[in-house]
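Chemist: Starting from the given sequences, assemble the full structure and let the hints guide the process.
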Amino acid sequence: MLIEILQQTINGLAIGGVYVLIALGLTTVFGILGIAHFAHGSISMFGGYLTFFLVTSQGLPVLAAIPVALATGILLGLLVEMLAYRPVRHANHINAFIVALGLTMMVEGINLQLFGHEQVVIPTGLSRVFRFGGITVPELRLYVIIAAIVLVVAMMVFVERTKTGQAIRAVAENRDAAILMGVNVKSIPLIVFGISTALGVAAGIMVGALFAIAPGIGEGFVVKGFAVLILGGLGSFPGAILGGTVLGITESIAAGFISSAYKDVIAFVVMILVLLIRPQGLLGRTP
Amino acid sequence: MNRSLQSLAWLLVFAALAMLPQVLTVKYYLHLSILALIWVIMAQGQNLIQGYTGYVSIVGAGFMGIGAYSSTLIGMHFQWPIWATMAAAPLVTALFALATGYPSLRVKGHYFAIVTLAFNLIIVIVLVNYKELTNGETGISNIPKPWGGSRDAYFYLVLMLAAAMTALAALIARSRVGEILLAIRQNEDLVGSIGIAAWKYKLFAFVISAMYAGLAGALYAHFQSFINPEIFGVAQSLDAILAVILGGSGTIAGPVIGAFLVVFLPEMLRFADSFRLILYGLILVLATIFMPIGIVGVCKALIGRFSRKEAAS
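Line order of the protein sequences matches chains A and B. Note that the numbering used here has the first sequence beginning at 1, numbered continuously upward. Note that the numbering used here has the second sequence beginning at 1, numbered continuously upward.
Not one of these hints is a red herring.
No farther apart than 30 angstroms at their CA atoms in a straight line, the calculated lysine-lysine pairs in the DSS-like style are these:
1) A/Lys186 / A/Lys163
2) B/Lys131 / A/Lys263
3) B/Lys108 / B/Lys200
4) A/Lys186 / B/Lys108
5) B/Lys27 / B/Lys145
6) B/Lys131 / B/Lys145
7) B/Lys108 / A/Lys263
Facing chain A, a subset of chain B residues (Cβ under 10 angstroms, in silico):
8) Gly54
9) Thr100
10) Leu117
11) Arg185
12) Arg276
13) Ala287
14) Thr288
Chain B residues, not near chain A, derived (Cβ > 10 angstroms throughout):
15) Asn2
16) Ala9
17) Trp10
18) Leu91
19) Ala94
20) Leu95
21) Pro144
22) Leu157
23) Leu168
24) Ala173
25) Arg176
26) Ala301
These are computed hints drawn from the structure, not numbers from a lab. All values derive from a computational prediction rather than experimental measurement. The C-beta atom is built at its ideal place from N, Cα and C for all residues, glycine as well.
Modeler: As structure tokens, then:
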């Protein structure tokens with residue numbers, strides 16, 4: 001029983017890492033620009049698809065394909081910001097959300113058009129399995145967990161320690177004051193979208209390597225990402241990290257012990273319970 | 001436009017639609033018209049919560065599914081006549097909407113949209129996995145049709161209901177409730193500050209819009225005679241949002257125009273599914289950026305400009 005729980009926890013950590021990366025991307029965009037970037041999931045999966053395509057059709061090694069996918073993804077993120085979100089920046093927030101829905105449909109359509117209906121798995125060739133006591137950890141899963149931790153730490157260091165990171169936080173805190181302090185607020189949205197899309201594409205590649213990418217998967221992940229934000233508290237970085245990990249582990253244990261068909265329902269039920277009992281989230285400030 | 005002119009326009013539209021079964025020689029277009037009228041009901045409901053109240057709900061198709069499945073299943077298991085099951089469907093949907101609306105309306109804006117979307121996903125997951133009841137992804141076929149499947153008769157039924165639901169939406173919009181809903185869209189805090197319990201009105205709009213969707217779902221089930229979970233996925237909820245935006249949110253004519261557009265447009269364009277998605281998405285983005293007031297809004301602005309010129313001369 002204990003072994004089983006530990007095993008599912010390890011499994012949950014890998015998927016939790018994916019949730020954390022997606023949620024961090026969403027929370028930066030939301031915290032700084034006030035946009036619920038719904039197309040994030042589909043763009044992330046675009047990155048996963050692209051990696052698959054580069055590896056299988058172009059014969060690139062995985063480690064070479066990842067940077068190309070990241071760069072393309074970032075470019076796509078910048079285009080989305082400039083062409084779609086910027087024109088509705090000053091309109092009602094609901095308009096930006098509807099634009100995001102439209103973008104989701106477009107990116108999903110582009111994914112279908114370019115990569116087809118079949119589900120794809122990025123071949124990594126990492127098939128070793130480590131054993132610790134009674135727990136088995138596939139090599140790939142371990143690397144995914146490590147990569148997620150590295151990316152999260154890098155993101156935290158960037159936001160907390162660098163000048164640009166400080167500027168981003170300043171804009172999130174008080175836009176007008178940031179302008180007065182000489183922060184170039186024009187470039188901030190681009191930087192934010194670049195970072196968030198890079199994290200998303202990384203998550204998409206992880207999903208493609210660990211599980212499979214198929215049409216519609218991106219929407220599922222973006223909803224989970226928002227569930228994580230609600231769980232952890234809106235706009236809170238530690239909240240996103242805690243929320244993602246908790247959601248991943250809960251889901252994994254629920255899938256192992258209750259029902260794998262209903263594991264997504266369990267995730268959403270947790271989100272709705274949090275909304276009812278603690279609307280500000282686990283780590284959110286009391287309003 | 002003044003009130004009597006407006007009523008005349010509505011009467012003309014109704015008369016023109018009523019003649020469709022005689023005019024349309026290609027039966028397929030009649031089929032599409034029935035679907036479009038069902039979507040009018042759907043879009044009118046969506047407009048109440050999205051257009052008037054300003055809360056973008058993405059669970060429309062899910063509620064449509066609840067209506068479709070409850071009408072079908074009640075008929076199958078309790079041998080109720082079609083009329084009774086169709087009347088029961090919106091009530092069942094309303095119960096679900098009460099249960100889901102209460103928690104989701106605690107959050108605003110985007111988060112409301114996301115939570116409702118999660119509900120749509122849950123509904124589809126349950127429809128797919130609760131096989132004993134819903135027959136899973138295979139769906140349910142041979143759902144009874146009224147009047148031995150007469151398409152013309154069904155057309156008039158749907159037309160009457162679409163007209164009645166449009167009139168009801170207009171009544172709600174013009175009532176005090178409708179005014180409060182509009183006020184919530186413009187400034188919810190202000191509504192609260194003058195002592196109006198905004199959440200009651202939001203819940204009302206949410207539940208009514210769900211009942212519209214439930215009715216649309218029941219009509220769909222007994223028209224197509226086949227339902228499966230895929231029909232009631234998030235993509236269809238997005239279609240409902242598109243219908244409202246394209247037609248003109250917060251207007252009564254908007255959803256009517258929008259519903260016909262979302263049903264007929266893909267048929268006219270006959271693209272592959274992926275192109276349809278790209279094109280719909282592009283239309284949604286462009287319409288929101290350049291024409292957020294929708295077709296009706298643009299027409300109103302044009303008429304306004306025209307009549308002002310006339311008054312000046």
